[in-house]
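Could you build the full structure based on these sequences and the hints that come with them?
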Amino acid sequence: AQSVAQPEDQVNVAEGNPLTVKCTYSVSGNPYLFWYVQYPNRGLQFLLKYITGDNLVKGSYGFEAEFNKSQTSFHLKKPSALVSDSALYFCAVRCSISGGYNKLIFGAGTRLAVHP
Amino acid sequence: ETGVTQTPRHLVMGMTNKKSLKCEQHLGHNAMYWYKQSAKKPLELMFVYSLEERVENNSVPSRFSPECPNSSHLFLHLHTLQPEDSALYLCASSQALTGHNQPQHFGDGTRLSIL
Chain A
414 AQSVAQPEDQ VNVAEGNPLT VKCTYSVSGN PYLFWYVQYP NRGLQFLLKY
464 ITGDNLVKGS YGFEAEFNKS QTSFHLKKPS ALVSDSALYF CAVRCSISGG
514 YNKLIFGAGT RLAVHP
Chain B
146 ETGVTQTPRH LVMGMTNKKS LKCEQHLGHN AMYWYKQSAK KPLELMFVYS
196 LEERVENNSV PSRFSPECPN SSHLFLHLHT LQPEDSALYL CASSQALTGH
246 NQPQHFGDGT RLSIL
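So the protein sequences, as listed, match chains A and B. 414 is the number of the first residue of the first sequence in our numbering; add one for each residue after it. 146 is the number of the first residue of the second sequence in our numbering; add one for each residue after it.
It should be emphasised that the hints constitute simulated quantities derived from the structure, not laboratory data. Take the hints with a grain of salt, since some may be wrong.
[Said to hold, decoys possible] Using 25 Å as the maximum straight-line C-alpha spacing, the simulated PhoX-like pairs for lysine-lysine come out as follows:
id	chain 1	residue 1	chain 2	residue 2
1	A	K435	B	K163
2	B	K181	A	K462
3	A	K435	B	K181
If you want it as structure tokens, here you go:
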């Protein structure tokens, strides 16, 4: 069965430092992976996705993610964190297609806190 | 602006009330989703409509009743709710059939509080 794990409930980082939010997955077949961000009192916003191709995927707001097939990981990264990056981050994997729609399995989320 | 609008943004209701949550998408999508987001729990997929047909119902209690009158609108009718139903209810949409690799687009949710 497909699953996603985000091993850290919270990540703390100083502004200007690089950040990493971890995600590991388990799928049958090729993985289709997504990262979303949720700011307070808002819905989830799409950041980036990996479908195929280059292992380093670039997304919105300067974020990128590295796909590692051997480690079944898809960690979210940013070279220099901003206080405004503080939010809840979700990793998701596409479940097997059924009914013609894009079913996603979400991780439990990781709260990122960037301190000035 | 995400292209997915949910109303109301906040709702407080008693356990005996009947209310409805509304979701409207302006993205031309034809699959729509209801999720429940509770504190310290993973996002729970409740219902999925694809091409206006309900294709998934994840053991959701019957006090939640979805309705999808067309591909742009999705409702969640609520009645006789319990305190544990207090949560953020999120609507999302995507392109069915041809959009398997595309992300879902989310609304900002309805914060529901059951008294």
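Name the hints, by number, that the structure is in violation of. 1
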